[in-house]
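Residue numbers (the working numbering), protein chains in the order written: chain A, 1 to 501; chain B, 1 to 501.
By construction, these hints were calculated from the structure, which means they are not laboratory data. This structure is a prediction, so every number in the text was calculated from the model and none was measured. A few of these clues could be false.
Which copy is meant is left open, because identical chains are indistinguishable; a pair holds if it fits in one copy or across any two.
Simulated crosslink set (DSS-like; lysine-lysine; CA at most 25 Å straight-line) [claimed, not checked]:
no. : residue 1 : residue 2
1   : 95        : 59
2   : 36        : 13
3   : 341       : 478
4   : 35        : 209
5   : 36        : 209
6   : 35        : 277
7   : 13        : 35
8   : 316       : 120
9   : 36        : 277
10  : 106       : 191
11  : 106       : 277
There are 2 protein chains.
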Amino acid sequence: MNQTYEQCQAYMKDLSALSGAMGLLGWDQETMMPKKATEARSEQISALAGVLHERATAKQLGDWLHELRANSSELSADEQPCVREWLRDYEKSVKIPPELAKELAKTTSLSQHAWAEARKKSDFAAFAPWLKKVVDLKRQQADALGYEGVRYDALLDNYEPRMTVKELDPIIEGVRQGLVPIVAAIHESKKKITNVLITKKYPEAQQEKLCREVVVAMGLDGDMSRMDRSTHPFCGGTHATDVRITTRFSEKWLPAALYGAIHEAGHGLYEQGVDPKYYGTPLAESISLGIHESQSRLWENLVGRSEPFSRYLFPKLKKYFPSVVRSANAQKFYEAINTVKPSFIRVEADEVTYNLHVVLRYEIERALIGGDIQVKELPGVWNDKMQTYFGIRPKKDADGVMQDVHWSAGLFGYFPTYLLGNLYAAQWWEKIQKKIPDLNQQIAKGKFLVLREWLRENIHRHGRRYSASELVERVTGKSLTAEPFLAYLHAKYGNLYGIKL
Amino acid sequence: MNQTYEQCQAYMKDLSALSGAMGLLGWDQETMMPKKATEARSEQISALAGVLHERATAKQLGDWLHELRANSSELSADEQPCVREWLRDYEKSVKIPPELAKELAKTTSLSQHAWAEARKKSDFAAFAPWLKKVVDLKRQQADALGYEGVRYDALLDNYEPRMTVKELDPIIEGVRQGLVPIVAAIHESKKKITNVLITKKYPEAQQEKLCREVVVAMGLDGDMSRMDRSTHPFCGGTHATDVRITTRFSEKWLPAALYGAIHEAGHGLYEQGVDPKYYGTPLAESISLGIHESQSRLWENLVGRSEPFSRYLFPKLKKYFPSVVRSANAQKFYEAINTVKPSFIRVEADEVTYNLHVVLRYEIERALIGGDIQVKELPGVWNDKMQTYFGIRPKKDADGVMQDVHWSAGLFGYFPTYLLGNLYAAQWWEKIQKKIPDLNQQIAKGKFLVLREWLRENIHRHGRRYSASELVERVTGKSLTAEPFLAYLHAKYGNLYGIKL
Chain A
1 MNQTYEQCQA YMKDLSALSG AMGLLGWDQE TMMPKKATEA RSEQISALAG
51 VLHERATAKQ LGDWLHELRA NSSELSADEQ PCVREWLRDY EKSVKIPPEL
101 AKELAKTTSL SQHAWAEARK KSDFAAFAPW LKKVVDLKRQ QADALGYEGV
151 RYDALLDNYE PRMTVKELDP IIEGVRQGLV PIVAAIHESK KKITNVLITK
201 KYPEAQQEKL CREVVVAMGL DGDMSRMDRS THPFCGGTHA TDVRITTRFS
251 EKWLPAALYG AIHEAGHGLY EQGVDPKYYG TPLAESISLG IHESQSRLWE
301 NLVGRSEPFS RYLFPKLKKY FPSVVRSANA QKFYEAINTV KPSFIRVEAD
351 EVTYNLHVVL RYEIERALIG GDIQVKELPG VWNDKMQTYF GIRPKKDADG
401 VMQDVHWSAG LFGYFPTYLL GNLYAAQWWE KIQKKIPDLN QQIAKGKFLV
451 LREWLRENIH RHGRRYSASE LVERVTGKSL TAEPFLAYLH AKYGNLYGIK
501 L
Chain B
1 MNQTYEQCQA YMKDLSALSG AMGLLGWDQE TMMPKKATEA RSEQISALAG
51 VLHERATAKQ LGDWLHELRA NSSELSADEQ PCVREWLRDY EKSVKIPPEL
101 AKELAKTTSL SQHAWAEARK KSDFAAFAPW LKKVVDLKRQ QADALGYEGV
151 RYDALLDNYE PRMTVKELDP IIEGVRQGLV PIVAAIHESK KKITNVLITK
201 KYPEAQQEKL CREVVVAMGL DGDMSRMDRS THPFCGGTHA TDVRITTRFS
251 EKWLPAALYG AIHEAGHGLY EQGVDPKYYG TPLAESISLG IHESQSRLWE
301 NLVGRSEPFS RYLFPKLKKY FPSVVRSANA QKFYEAINTV KPSFIRVEAD
351 EVTYNLHVVL RYEIERALIG GDIQVKELPG VWNDKMQTYF GIRPKKDADG
401 VMQDVHWSAG LFGYFPTYLL GNLYAAQWWE KIQKKIPDLN QQIAKGKFLV
451 LREWLRENIH RHGRRYSASE LVERVTGKSL TAEPFLAYLH AKYGNLYGIK
501 L
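Next comes chain A alone, as it looks inside the complex (with noise of 0.2 Å):
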């Protein structure tokens, strides 16, 4: 068994660096690149995911991998859940036919570049047929992937793995439920918060201080990362040695750029986390999307928005741009950056909204997937869905249905997990204040070194030792729920508003 083990780990250490390449094409193509490479580039994607998919779906793994479960009792305890998730991996990977996975690559390729074209028209007509196409394989890729439940479970797997409708759906209920009396409450209080303060003009070059400043405190570990500029923000990288954030600077808003940086600074303390004696397998790996959403989340939100970091911050704010804060505060600046108002834009949305747009996104793919609607149907839907949760109505489809990228490149799954780091983060948040007494104390004074220890030992060194669910159990005692969510955004926007939630 020992040997089968080790050659199977040489394996996949292998498999691992050669994703490391992957992730730096990547990397380097939203930052780096030169503007006339971009053909060239995507050949260098296509044939080295051409190995990594020809590597992963091998034969000799599978049946190494087979005879290990048929020998699982002889396994380590380290080696046991390496078997499991790698054996989860092959067998999802080999289900999916060559030909569908060439047709899915080709079709939302094509699509992504019809989507951005009709956008740009706000020609949903134009974009439909490509979208219909999309569904259709995406449907296929579903069946051969099996389900137990509904077709969407095999697809929400593929970002949030194990998780199914069943046990999502009254969660996203809750969270809806909940929301939209917030929002009404917050739309109709007196007391009137603004964000002006963070739509001044901040130079640039000095943001980007600011920016650095921030992520090194978190305990972002400059020798093993990286801060470049892309136009959307990301974390990626080729390991946890070597991890790379983006943000994106817009002078007039100054969130733009540093809660970019927060949240993917997050991102990036959980694969910089994780136990260099398992670097190369599952147990250095994230468990989910939701999972490393909860930490980019965490960091932006229920730290980077609270009120002791605007105390931490703000000072920072003088010595950075003494003139334009001149004759503000921390509290006006933790206003700003927390008032909350219905828009149409899902990635503008403030820290309230952002959640019931997913909840709309969620529902929609949902019934799409499962055939209760048609592509054609969509606008229709989606307004009527803005009008009652948001009590807004897109006046056109680039500012509705077309505004997100996701469904054109055949991501349906994706979003649920936006909102599931949402509800991670805050049971993660209720479990730390009571292991962390004087937390707030600790933000205040810019010390979050204690926060990500523990962050560190609770969540990141396991990889994925757990599942996110045994996870959730594990370090709050609890199943997820809304609740804590809910219980947060009821306090914190109770008090900003002052209103009773």
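Given the structure of chain A, go ahead and fit chain B onto it with the hints provided.
Chain B alone, transformed into the frame defined by chain A:
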């Protein structure tokens, strides 16, 4: 035949794309990578090297290529040289036993480390056992590759395909015999010129602007390239549309950055100058390191250290460094960048003595691989040759036999390509001056595009269609000789130093 060719071409295009990915791993390591990622990067490079080797030596590829060669009369004029070059590469690759390849990779990696450590203490005895191991393995590699003349031929062929000692020896001998009297005459000349001007303090940020302006003027396409910093300047990248040059900055040694950038941009123009319709085939690859170096050296020396180039450049120096060059002029700059003085370190040598450094290394490594001298004799042999050729003797081996990384890395056969580059360059230059009669006026005006087009048309766009010797014959009407190079030195340095050469 058509179908076999197409399969083979698609396969090789994929392989070429994977090589591009490897290029990115290498470039990034020297320019962007966080410092603690060293180990992970080496695993990524090793994993991808494994894939490349596996694919380059696949039996299926050999079958296709042998079939194509057997029916080469059915191939087009473009297909024939592709098959010829693919087969050449394939046959070289399969000749190396995998165990030897692994042993070489491992030993040269350790040996480079040993060299770096031993060099710090100038302790040749500590490095000698490693060098002996490397030499033994390189002899084994040469025997596996096979050769008609002498063993060194097999290694030389790795960098300068189809070149042999039989052809090279008389050329090198001619260079040596031509250079030694030039160096002596310059040493004894009454006229002295000085490099003081280029040792003043040139602020780094301004140097960078100057470098960027010059490489753009040379015609390097900024949409298909980028320029960064690294410890040692190089030209890398992933594709002709993604060429990446680097340079390094020294505030009190202007040539480091400027001539580093010009040199690497010369390489970059070759990479960018291939015919796009052949991307991914040998017809869009470089012929040899010598031919590659002929492009970098042509720009660095024949253009960049010329009198008309000084007239072009000096106004830019006045623009970027007004106070530094206030009391100088173009002629002073021309003299400063062309001072000749025997010195110990190859990479810091002037345009004349540089070549004697290479002659010395060639003679030694050829004897070492041939078994005519032993590793332990190296310091003595080196120092004696320095005395004979340069009239100076190193005080320590760190400034002598241990100065270059090449031997520890197993790069036997590489050094002569530096010299060949200068010879090819001078032979092109002789022709170019006839074909572009007003070249000097163009250079003085900073008009480099006619020159770039000539190089593109006559050299770059052929890729590997012709061998180096065929290309030289085709372009210049004669075989490679040292005469144009020596004639160039005689004219230029005779004039600069007021001596008859």
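Here is what the structure says about each hint:
1. In the homo-oligomer, the alpha carbons of residue 95 and residue 59 lie at most 25 Å apart inside one protomer (13 Å), although the nearest pairing across protomers, at 28 Å, exceeds that limit.
2. Within a single copy, residue 36 and residue 13 get their C-alpha atoms only as close as 33 Å, which misses the 25 Å cut-off; across copies the closest is 18 Å, which meets it.
3. For the identical chains of this complex, residue 341 and residue 478 are neighbours neither inside a copy (32 Å) nor across copies (78 Å), given an alpha-carbon limit of 25 Å.
4. Taking identical chains as interchangeable, the C-alpha atoms of residue 35 and residue 209 lie at most 25 Å apart only when they sit on different chains, with a minimum of 21 Å there against 27 Å within one chain.
5. With identical chains, the CA atoms of residue 36 and residue 209 are at most 25 Å apart between copies only, with a shortest distance of 23 Å across copies and 31 Å within one.
6. Proximity of residue 35 and residue 277 under a CA criterion of 25 Å is satisfied inter-copy only: 19 Å between copies versus 39 Å inside one chain copy.
7. Taking the shortest alpha-carbon separations for residue 13 and residue 35, only the inter-copy value of 21 Å comes in at or below 25 Å, while the best intra-copy value is 33 Å.
8. When the C-alpha separation of residue 316 and residue 120 is checked against a cutoff of 25 Å, the pair qualifies neither within a copy, at 39 Å, nor between copies, at 44 Å.
9. When the C-alpha separation of residue 36 and residue 277 is checked against a cutoff of 25 Å, the pair qualifies only between copies, where the shortest distance is 15 Å, while the shortest distance within a copy is 41 Å.
10. Taking identical chains as interchangeable, the C-alpha atoms of residue 106 and residue 191 are never at most 25 Å apart, the minima being 52 Å within one chain and 70 Å between chains.
11. In this homomeric assembly, residue 106 and residue 277 come within 25 Å of each other (Cα to Cα) only across copies, at 23 Å, whereas the closest approach inside a single copy is 38 Å.
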